[in-house]
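**Q** For reference, the chains in residue letters:
Number of protein chains: 4
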Amino acid sequence: MFNIRTDLAVESREIYREAYKREVPGVDVETEESENCSVTRVKIIDESGEREMGKPKGMYITIDVPKLKNADQDLKDEISQVLAKELKALCKNNENTKTLIVGLGNWNVTPDALGPKVVERVLVTRQYFLAYKKDSDDTVANVSAISPGVMGLTGIETSEIVKGVVEKTKPDLIIAVDALAARRMERVSTTIQISDTGISPGSGIGNKRIGLTKDYLGVPVVAIGVPTVVDAATMVNDTMDLIIGSMKNQAEIGSEFYSVLEQISTEEKYSLIREVLEPFMLNVVVTPKEIDIIIDDLSIIIANGINMALHHGIDLKDVNRYIR
Amino acid sequence: MFNIRTDLAVESREIYREAYKREVPGVDVETEESENCSVTRVKIIDESGEREMGKPKGMYITIDVPKLKNADQDLKDEISQVLAKELKALCKNNENTKTLIVGLGNWNVTPDALGPKVVERVLVTRQYFLAYKKDSDDTVANVSAISPGVMGLTGIETSEIVKGVVEKTKPDLIIAVDALAARRMERVSTTIQISDTGISPGSGIGNKRIGLTKDYLGVPVVAIGVPTVVDAATMVNDTMDLIIGSMKNQAEIGSEFYSVLEQISTEEKYSLIREVLEPFMLNVVVTPKEIDIIIDDLSIIIANGINMALHHGIDLKDVNRYIR
Amino acid sequence: MFNIRTDLAVESREIYREAYKREVPGVDVETEESENCSVTRVKIIDESGEREMGKPKGMYITIDVPKLKNADQDLKDEISQVLAKELKALCKNNENTKTLIVGLGNWNVTPDALGPKVVERVLVTRQYFLAYKKDSDDTVANVSAISPGVMGLTGIETSEIVKGVVEKTKPDLIIAVDALAARRMERVSTTIQISDTGISPGSGIGNKRIGLTKDYLGVPVVAIGVPTVVDAATMVNDTMDLIIGSMKNQAEIGSEFYSVLEQISTEEKYSLIREVLEPFMLNVVVTPKEIDIIIDDLSIIIANGINMALHHGIDLKDVNRYIR
Amino acid sequence: MFNIRTDLAVESREIYREAYKREVPGVDVETEESENCSVTRVKIIDESGEREMGKPKGMYITIDVPKLKNADQDLKDEISQVLAKELKALCKNNENTKTLIVGLGNWNVTPDALGPKVVERVLVTRQYFLAYKKDSDDTVANVSAISPGVMGLTGIETSEIVKGVVEKTKPDLIIAVDALAARRMERVSTTIQISDTGISPGSGIGNKRIGLTKDYLGVPVVAIGVPTVVDAATMVNDTMDLIIGSMKNQAEIGSEFYSVLEQISTEEKYSLIREVLEPFMLNVVVTPKEIDIIIDDLSIIIANGINMALHHGIDLKDVNRYIR
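Residue numbers (our numbering), protein chains in the order written: chain A, 1 to 324; chain B, 1 to 324; chain C, 1 to 324; chain D, 1 to 324.
Just chain A, same shape as in the assembly (with noise of 0.2 Å):
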């Protein structure tokens, strides 16, 4: 397994066919084309592709859409109800079930603050079925959600906080936003990435510790986020990589320099770099300038989709009207 950054399945996969050449052995993949947007679904089935993927067993779906990024209402409305439809596939809700929405990260750190804004657009409803009393209604689900913030803030480990909140309340169900780092600039803020092995320690913005899984919370977690920067080790190597490419079809200097870097193999290449990075780049973050615009954008819509996945009685023609 590479030691290259991402939390997305996508890319280890792309990572580990670029290297060998082949497909991730242990892994199923099935891809759905539309206009604006592809649907790809790696399930990760055995231990194989655990190992060679470095993430758990379970299901990733990743919707892509290029165009995200300058998106009109109407393209956002699209990838909302795609994301409600993959969204409910996995959750496996029904108009009874009731949902803990966790929003991952720090909100005094732009691109880390998706999960907060998320969570503060989300249609709660939970505090009306505890007044008035009743178990199910006509058009709402039981709806919670937190934002337990990061270690640096509260001195608390994220898990304990939502694991205390869950003994509390009970839900069936936990919906866990996360804001994430891509290898491709690409991605960022173009890819939402839903999977249902919650949240494994490690992943996500910042070296938050915490693991929001079935095992540890007695609940089953279902994950999204969202590439909102880049690892600037692996933005370092893929110009690089490009820097070499556009050479190689040059004159004899070129392919010189190209049987040089040949030599060297992927996974050298890039501990040098992130060698090299380290000292001064530990709390640099690569991020679109108009970050701010992008998280707010992107919280509506998934918010959006949520909302959509989780109340029976809201859809396409509506959810505007219960965003906050």
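Some clues are possibly wrong.
One copy or two, either will do: identical chains are not told apart, so a pair holds if it fits within one copy or between any two.
Within a straight-line C-alpha distance of at most 27 Å, the following computed DSS-like cross-link-like pairs (lysine-lysine) qualify [claimed, not checked]:
#1 K133 / K92
#2 K92 / K317
#3 K43 / K21
#4 K289 / K317
#5 K163 / K57
#6 K88 / K168
Honestly, the hints are just simulated from the structure, not real lab data.
Assemble the complex: chain A is given as a structure, and chains B, C and D must be docked to it using the hints.
**A** Same frame as chain A, but now just chains B, C and D:
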């Protein structure tokens, strides 16, 4: 007991004394004056005190700083220090005490955001005690902090979230910070109340039904509160009293008016106002125009006070270095 | 003319009619009702109208939407459209009109931040006309926008900043957006006033001394205003009137009380309240609790209305795509 | 002259010296070291200096504070004081000087928001001089301040807005504050540059085409800038150089690789990287993770420095009292 809404023990006492022209039974009062501030310690000692004050037995300390709104740095530092001293006396903490700070209120409603803002600024250290597996430290104590939000945002009772966190992290002490409603506009943002009785259901701004008490949480709860709004009904009530007062001294019309008003008891009058205002005033706040800046200033003063009270190695000389 | 503070022409008219039981002289009134909103066009036609209304000659259009506070997306879109229609009629603009949008108010004081928020959201295009050296476009008109701040923040008269910008950029039309003070809490965030008289010195929240008028700027100024606060004195005044009203129907005490109050004229009573409140109410606002959210919603509705009124290629179908 | 993007004169000099192994002609350099900071004064004295440095003639003072990112209050105060001293020397202001502070940049893009944040915090007094019709004061000078926004927000050239304000308010001096792009990540938020040459078109973050110079505005312009981002291309470039450096000392593969790279000139290499990165990096920033907090801290340090430099009655003892 009057139905006039106030979270301040000094105001409950004031209302009683205005009506009955004597000290409240079951209550001990002690006052300490200095150049810039006065400290009033109201101790409710028995059931009669509880009944007349409408508040549970315990100590209620009020720090009044008339010039707080336009305070310079020296006065702010002085208040932080007075707060630290009174807080330390109530908390009875030492360098081994593990404290959880709870910031109550809704961060989206400016005058209700005091608690969350203090939590953002206080020095949180529990993560280092965990990381270095230490039990004590030369300069700082073990402090964690959380802003649980309000039920309208999360769908979860605030007290349940706090109890979940308390069960997981086992603090020895809780300090809860909340924005309060006062009866008099003069008290808004010039009074700090500290009490060892925790937070009773129904106090604070908005209809929080939480109770954060030792009984419920199993850990002592010290509450810090600052009024940031006045109740619209009390404002109208007080204005009418002032008008009547000013008319009493005028021509015959005043005296007649006055004698009419005399016939209505204080309680009746307040109920009348409340009833009239209710339909369209339910969600109105009366608050200083520059409330955004006031909340910012207060959160620094209180966070500094808490930092000095909890961390044995932080004193006035360097407290501003630890503020976030 | 009464000294009761209101920025709304419909309220000035209301006050006059309450006092004199007849229509204001020198004023033409026209009303149009629909299911969700009513549009009132008050035209001040001569000096007697100016004197009695305390406002300069011109057209004052009020859009009243009682359900605006809890509006769904359809109602919001409807209001944007009504606003666009009325605005277009007042502005008499076409696709070659160059418009400067001015967002008045202090972005640090939530209820005063409406103007700056609208400016953040409106579709600004002048830079493209400059970059491509074009005079006209198929879908958009030439629009620029500025939030000049308030004198307490900049040390500069707002009107001077605007005049400087007007001299440099030579727009054909100015649309100025401002938060207003209303007399009645019911009007707060449910009423939009448009007028072709610009902004008079002393209107809006806070003591802005600006006058943004055609006289001063040399360009027609259309003003859009929404009340976001009520004056504390008018609130007390109105409450007292309601109390008296409710007492009138009660026992002998009421009738006596009422007859006393009858002897005080409306004007006297208001002055009395103002005098009593002044010392400690100078900087108080009375505002809905959820004002942060209300301002956000209103800024989108108004920005959408402006976008449809100014840009010939933007209509209801796609207006939400252009909002920032 | 190299095409490598930097707004810092010390970096332009560094690049020249790296390439030609000698001091830049037409440039005088003077350095002053103290325990916590070093001050470098680069004076471009003639056309050859202008050409090689790519910057207009004038004085460029750099205050370098390696520990600024984790500074305690004492260090922050020290830097404010050093800044005040250097600023005063460049501005040649006295207690009768009327100063306009201009905060450049986009307040919606965190690393570009330094200028507007400083403007929010600086002590603005011009309104009192107007209100009391005074020409001078015992403790403060006449200061106004404006954040004109960026063309993408307003549709108006920033320089035109500033010129309009200058014509209306007639200041004697302009201080313009801007966020810069640096070549080295180490300089981000640890370096403050002051210069008496104003702001040249194309500097700062983003493609601002403004030029705020004495020539255009008719008033001396002193610029204060702090790098808050690095250019992605320079980051990749520098990383590649570091990698080559670390390989040189290794086995035969390194030496071969190195000799290849030797054949490519610095300039060629940078162009190559830029070309490769351009399509997908156009709007990317590389910035510290905790940039929100850094910008906050820096804006206080700079506002304090400006306050002490401009207001004769404010010194280190009380400067923190005047910060907003």
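**Q** Of the hints stated earlier, which fail here?
**A** 4
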